[in-house]
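Engineer: Chain by chain, the residues run as shown.
2 protein chains.
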Amino acid sequence: MNPTARRPRVVIIGSGFGGLFAARALAKADVDIRLIGRTTTHLFQPLLYQVATGILSPGEIAPATREVLAHQDNVQVELGDVTNIDVEAKTVTATTLDMPRTFSYDHLIVAAGANQSWFGNDQFADFAPGMKSIDDALELRGRIFGAFELAELAAADGRHDAAEALTTFVVVGAGPTGVEMAGQLAELSRRTLKHDFRHIDPRRAKIYLLDAAPAILGSFDESLQVKTRAAMEKLGVTVRLGAKVVDVDARGLEYQDADSETHRIEALTKVWAAGVAASPLARVLADQVGLEVDRAGRIPVNADLTLPGHDDIFVVGDMASLDGLPGVAQVAIQQSRYAASKIKASLGGKPVTEPFAYFDKGNMATISRFRAIAEIGKVKVTGFPAWGLWLGVHLVYIIGFKSRITTLLHWMVSFLGRGRAERNITEQQIFGRLAMHRVNDLPQRAARNLGWHRDDET
Amino acid sequence: MNPTARRPRVVIIGSGFGGLFAARALAKADVDIRLIGRTTTHLFQPLLYQVATGILSPGEIAPATREVLAHQDNVQVELGDVTNIDVEAKTVTATTLDMPRTFSYDHLIVAAGANQSWFGNDQFADFAPGMKSIDDALELRGRIFGAFELAELAAADGRHDAAEALTTFVVVGAGPTGVEMAGQLAELSRRTLKHDFRHIDPRRAKIYLLDAAPAILGSFDESLQVKTRAAMEKLGVTVRLGAKVVDVDARGLEYQDADSETHRIEALTKVWAAGVAASPLARVLADQVGLEVDRAGRIPVNADLTLPGHDDIFVVGDMASLDGLPGVAQVAIQQSRYAASKIKASLGGKPVTEPFAYFDKGNMATISRFRAIAEIGKVKVTGFPAWGLWLGVHLVYIIGFKSRITTLLHWMVSFLGRGRAERNITEQQIFGRLAMHRVNDLPQRAARNLGWHRDDET
Chain A
-8 MNPTARRPRV VIIGSGFGGL FAARALAKAD VDIRLIGRTT THLFQPLLYQ
42 VATGILSPGE IAPATREVLA HQDNVQVELG DVTNIDVEAK TVTATTLDMP
92 RTFSYDHLIV AAGANQSWFG NDQFADFAPG MKSIDDALEL RGRIFGAFEL
142 AELAAADGRH DAAEALTTFV VVGAGPTGVE MAGQLAELSR RTLKHDFRHI
192 DPRRAKIYLL DAAPAILGSF DESLQVKTRA AMEKLGVTVR LGAKVVDVDA
242 RGLEYQDADS ETHRIEALTK VWAAGVAASP LARVLADQVG LEVDRAGRIP
292 VNADLTLPGH DDIFVVGDMA SLDGLPGVAQ VAIQQSRYAA SKIKASLGGK
342 PVTEPFAYFD KGNMATISRF RAIAEIGKVK VTGFPAWGLW LGVHLVYIIG
392 FKSRITTLLH WMVSFLGRGR AERNITEQQI FGRLAMHRVN DLPQRAARNL
442 GWHRDDET
Chain B
-8 MNPTARRPRV VIIGSGFGGL FAARALAKAD VDIRLIGRTT THLFQPLLYQ
42 VATGILSPGE IAPATREVLA HQDNVQVELG DVTNIDVEAK TVTATTLDMP
92 RTFSYDHLIV AAGANQSWFG NDQFADFAPG MKSIDDALEL RGRIFGAFEL
142 AELAAADGRH DAAEALTTFV VVGAGPTGVE MAGQLAELSR RTLKHDFRHI
192 DPRRAKIYLL DAAPAILGSF DESLQVKTRA AMEKLGVTVR LGAKVVDVDA
242 RGLEYQDADS ETHRIEALTK VWAAGVAASP LARVLADQVG LEVDRAGRIP
292 VNADLTLPGH DDIFVVGDMA SLDGLPGVAQ VAIQQSRYAA SKIKASLGGK
342 PVTEPFAYFD KGNMATISRF RAIAEIGKVK VTGFPAWGLW LGVHLVYIIG
392 FKSRITTLLH WMVSFLGRGR AERNITEQQI FGRLAMHRVN DLPQRAARNL
442 GWHRDDET
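Residue numbers (this note's numbering), protein chains in the order written: chain A, -8 to 449; chain B, -8 to 449.
Everything labelled a hint here was simulated from the structure, so no lab data went into it. Think of the CB as a built atom: it goes at the ideal place given N, C-alpha and C, for glycine as much as any other residue.
Some chain A residues flagged as far from chain B (calculated, every beta-carbon gap over 12 Å):
| hint | residue |
| --- | --- |
| 1 | Pro(-1) |
| 2 | Ala116 |
| 3 | Asp117 |
| 4 | Pro205 |
| 5 | Ser214 |
| 6 | Asp240 |
| 7 | Ala277 |
| 8 | Ser312 |
| 9 | Leu313 |
| 10 | Asn354 |
| 11 | Gly383 |
| 12 | Val384 |
| 13 | Val387 |
Cross-link-like lysine to aspartate or glutamate pairs, in silico, EDC-like; alpha carbons within 16 Å at most:
| hint | chain 1 | residue 1 | chain 2 | residue 2 |
| --- | --- | --- | --- | --- |
| 14 | B | Lys185 | A | Asp64 |
| 15 | A | Lys369 | A | Asp212 |
| 16 | B | Lys81 | B | Asp303 |
| 17 | A | Lys123 | A | Asp113 |
| 18 | A | Lys185 | B | Asp64 |
| 19 | A | Lys81 | A | Asp97 |
Label pairs and their in silico Cβ distance ranges:
| hint | chain 1 | residue 1 | chain 2 | residue 2 | range |
| --- | --- | --- | --- | --- | --- |
| 20 | A | Thr93 | B | Thr86 | 50 to 56 Å |
| 21 | B | Ala116 | A | Asn112 | 39 to 45 Å |
| 22 | A | Phe361 | B | Arg0 | 38 to 44 Å |
Construct the entire structure; sequences and hints are all you get.
Structural biologist: This is the structure in structure tokens:
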């Protein structure tokens, strides 16, 4: 290494699995890394549903990125929202509080992930929030626990129709996130809250799990799909497949079944876990190199994860389209490590000539406490052994020793016991959003019956 | 007990120490209890500063009131903001989402506590939030961690004046809350964050602790005041006593010293821990019985804690003025238990003829990790032994086994290690408040230098 030469600049976009593991894989490299994140934390997205349902606190699934990388001297963490990449000028523009800043790079790793997609119906988002950020999870937490509070009030007032709509929950999308969310809503209503109210019986809450596809957990083996569906129904979750959501409003949701018949569910609380779209940065890159993004907004990459025509740019994780790989943490982690190894090779290390190869460690989803399903190669595991696997894998992957112990303990509280340690609703949510927004979400008749006025009536 | 007779109705206002312990003390009584709370949780207020500084999560200091009382069948928890008490009609009116509801009582325990007071300068509140609710603590958490993020940006841009104002913190009020807050800000900047930034050195953050009184911890023995002040200064906290805050604005704060000279501190983040005012319900009661509230808004009560002329109404905790008792958790707890024993006596139990007597278990405050001060009768304890005492007492009093274990572990992480598990800032805070509000909090010149525009300039 020549100490007088400028160190190569590596810019990493994103503080998720791809971005963080890329930075760590370059820990010993003689480079100058800027990791640009939209938030101050590294989010362990697969556990968001546990924040939304009151099991874990935000800090337990989202350690501060700066803290995780505090002792890695070759990296600077930058807070900013990347708005542009110029592949010719080799610059990235990030905006923080309306202040644009430009970063030059010698190597770029784009790991900006994916956002929730309402399939062109962004107007659904207000009524059926997604599950992609801590903000989403806290919003849903307030809505879920708030719904039971409102239902208790309605029932005390004898308005049982309103109470029923308030304790009806619809989860749209039956992938792992949707299944886990529906399972936890069942646990929450059947176990956690069962003694907490006097006028409603939370165990009678209705939980729907909807998907347009004909099966739940589409990416898993059929035997596991069948078992999961049966387990969901045993928990009290109503599963509707081949159900395409055509409208979502404040009071409920409409879907078309396989026979094109339209059905309506009156439900105040809807959760959207149906689709994702890659970060718009994929299109920014595609436009500059004359490529098209795919239906999920992902950009096709070379076998070595580089952007076609630009071997200084790697695109990894949910933004990249390659060999039909799924948008899961393991793909992002392995791809970012591969990209880092290519960058290290370019600095004079051992050349990397093999293309990226994904090693599938398996796939898993929890159903409820003590029950999960897992698929490792041809091996299928269900029930408690699968749940044990899930627990171990998640404990290992949660970044940092510190959150692991408290997380394990919160899990003991929730799984062995019945409690939810993190049920807090802020006053802002109670007196702000619940008052101003959720009352308008009430079925009109119910709202009137309750003596509550909706903005749209006089 | 006559099963055909209507059970006496006990209404309890407040879910803090007074309200919750009153409800629990009546667990075996043949009464019908309504506990009316403004929030859904029982807040362990003395630990709010730990939520504000990223040590604990909201759930750890604020379990759901319904969960704490789930198995006590004679109590209904009601979410509502009490707006009126009619001592003649014996009714309480509570409003939830603009819907007023009226509760009749045979016995009433008023334990609505106290709110922050800016001593008539409510316009200070936006710039110097108080420390009385989870919302306050989360707001301060966002401001504190956000300030370091903004300072890093400013320093990277060479604007060291802005970075300095951004890393200056002023705590107003040197009672236990102010001392604990200032101590934790010192720990946070000197230990937790020391490796996290590249352009600022968080250890150089300035922390001021101001009080109009001539001493810190006014309610403690002078020897402890002197030791605490020395310990604070050793931690890097600048203590200014006899300092009366006369103005607070977005960019800083002005105070008058003992010689009536005015000084200004440029500081983006201010915390108000200076004063409390009893719930306005104290005045509602006072007006009806022809009494005056005291300077802190508290209502004088009889020696048995009843409202003069109304032996069916007990006023306990921070709202009651009796024998100069301080507004601490122990007073509220002991008073609520006494009130409950009087109610039980009226149901045919052993008559309670003695007036309320406070048993002072002592007084304590933490200074930093491993250091505290405590005063038990004539015994004074300082340093590590006092901290051990503090730890034990707080673990015992945190309601419910469940939060105790995770709390202890979060403490291990923060005190033995250096981390803060709960540093999360929501995107709403980053892109909402920080962008819209905090930029306007920047010194005008600094904002302009940073390329940020303030709303009040063109």
